[in-house]
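K.L.:
Read off the chains here:
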Amino acid sequence: MTRRGQPAPAAAEDVVTSLFRAHGVSLIRLAVMLVGDQATAEDVVQDAFLGFHRAWPRLREADKALGYLRASVVNGCRSVHRARRRTLPRRVEYDPPVWSAESAVIAEHDRREVLAAVARLPLRAREIMALRYYLDLPQDEIAAILGVSRGTVSSTISRALATLGRDLQEEP
Amino acid sequence: MSRLEGRLRDAYRGAADTVVPATVRDLGEPAAPRPRPGPQPTRWWRGLTPLAAAAAVIVIAVLAAVLPKPSSQDQQSPAPAAAPKFLIADPRGRSPLDVRDAATGALVATVTLPTEPGSQAPTANAAADGRTYIGSVATADGYHYVVSLNRLNHCRSWLYEFQLNARGQPSAVRPFAALPTVGAQLLGLTVSGDGQMIGYDTLACPGSAPQPFYVAVTDIRTGQTKRWTTPAAGFLSLTADGSMLYYTLNLQPGTSVVRGMPTSAAPGPAADRSRTVVQAAAFGPADEVAFAAISPDGSALYFATYPEGSSGPGIGQVRALNLATGRSRVVYTRVGQLGLVTADPAVQNFLLQIQQRGAIQQRGAIPLRLARLDLATGRVTDLPSGWLGPAGSVLTW
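Chains as they are written, first to last, in this note's numbering: chain A, 31 to 202; chain B, 5 to 401.
Any given hint might turn out to be false.
[Said to hold, decoys possible] Part of the chain B face toward chain A, derived, beta carbon under 10 Å:
hint, residue
1, D21
2, D30
3, T329
4, R373
5, W401
[What the hints assert, rightly or not] Chain A regions said to be covered by chain B (calculated; three or more residues, Cβ under 8 Å):
hint, stretch
6, 144-154
7, 189-201
[To be verified] Footprint (simulated), chain B over chain A, 3 or more residues, beta carbon under 8 Å:
hint, stretch
8, 42-55
9, 65-79
No lab work stands behind these hints, which were simulated from the structure alone. Don't be surprised by glycine CBs; every beta carbon is placed ideally from N, CA and C.
Make the full structure from the sequences, and use the hints.
P.N.:
Below is the structure:
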């Protein structure tokens, strides 16, 4: 027996499972672009789904589930970067980012060069660029995920493209 | 869309493709401990109990039954497996093959192959015809061997099999029942660990009905063969279950790669069915892949690189690529070439025929050192090498 308007626990598990099936890999790929390696990306996404599972009874709009998960993943990646900065003096070893030569999972030099240039952008810009150019999200949706204005998204993309254009010797 | 935006999208697609769905661990599946910070699975793992129970039943069991289970090198330590006691040496390129004690190099026996390819019975003077040569020798267990024989100017190979007993004595040589002949000259052979799949690559056949280079696998149970056209593949290796085929391509300087392809892929151009897993140029602009072998469980690819055409002695390296994470680590490094490399069937040891540094190289007489490289520890053990001769030998271990 559940209260009116609240999903039953079993339904929450079904929703989480089906969402993971449908979007888990895509979210891990998004996280890889932000943290650089699959193992960390999987941790971030699993955390996001756990948070979603816990939050599900309070969520009223199921159609916003994917947006919630995307925001959780972006926030989780930000936490990873904070944690890495804290552990920098301890010389903790991380898996090399996928765009590094050491990783070698991306064979094409051009792709590695572009991703390495993206990796030099500020973190917020990297988030916006991944949401825009990997997930092809419109600017207002990116703004909603990141909790910023549409103007911020637009100007960040412009500045990032200008920076990348200089780095990669391309017209933005 | 500007060109820059196009490059961005393409690069993101490349990064996305590094995440192979089959390698993604399922919801609630704990990660292996890693020496790095970030969200810790154990922190929330306990809280996932209800979800994990459902997921375990609904998803994990189903996926585990359907998908090949990825196994990370980080998640398991290789079980020690004894390398085969004997190795097969092919110092002459033609019959007979030598059976040697792998530890001492002592000649234990010889294996005489047929003079006339296709004949049922080996003859004593197999080498005498001068037209028959050995294409390749392969084993999945150090006990059963398959050998391909080619004949000059013949666009065909004949395959034979034999076994060694515990004392290294060979059985009679018989035509390989599952694939007695192939209508092309075989260059390389490999057998899956379960002994159910054989892979091979061929030379292009000129003539009235020209055939391109191709790689192929034959299912030994069904006899079904699949071919994929590709220019000049090398160092074929199959996973133990025969589901994945890996091979090298050294077409032009700076383009040397290792590619992997599911053997379930439809026949056609290998370039369309496979993906690059190693690009030698990532380790040095002139580096080439000098050897590659996939671990039986398909989790790690071991490969050797060396800068081709360098004026001075380059750095030869053996690396292990974890295919789940894409991370590679150096197993062994030396200044100079690694020479001919041979893997044992478990891909836990390499035999290296190393050109000795500083040796006086007389014409046709380069002293060789034979060493066993333990891939788990990187430890190198010298073995008796006097029997190898100055030119070394193609070995199968």
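K.L.:
Hint by hint, say whether it matches the structure.
P.N.:
For each hint, the structure was consulted:
1. Given the 10 Å rule on beta carbons, the hint for D21 (chain B) holds: about 8 Å separates it from the nearest Cβ of chain A.
2. At its closest, the beta carbon of D30 (chain B) sits 8 Å from a beta carbon of chain A; the interface hint therefore holds under the 10 Å criterion.
3. Contact between T329 (chain B) and chain A, as hinted, is supported at the beta carbon level, the nearest pair being about 6 Å apart and thus within 10 Å.
4. Because the closest C-beta pair between R373 (chain B) and chain A is about 29 Å apart, greater than 10 Å, the hint is violated.
5. At its closest, the beta carbon of W401 (chain B) sits 27 Å from a beta carbon of chain A; the interface hint therefore is violated under the 10 Å criterion.
6. Check result for the stretch 144-154 of chain A against chain B: holds, 3 residues qualifying (beta carbon to beta carbon below 8 Å, three or more required).
7. Counting residues of the stretch 189-201 of chain A whose C-beta lies closer than 8 Å to any C-beta of chain B gives 6; at least three are required, and the coverage claim holds.
8. Check result for the stretch 42-55 of chain A against chain B: holds, 8 residues qualifying (beta carbon to beta carbon below 8 Å, three or more required).
9. Under the rule that three or more residues need a Cβ within less than 8 Å of chain B, the assignment of the stretch 65-79 of chain A holds, with 12 such residues.
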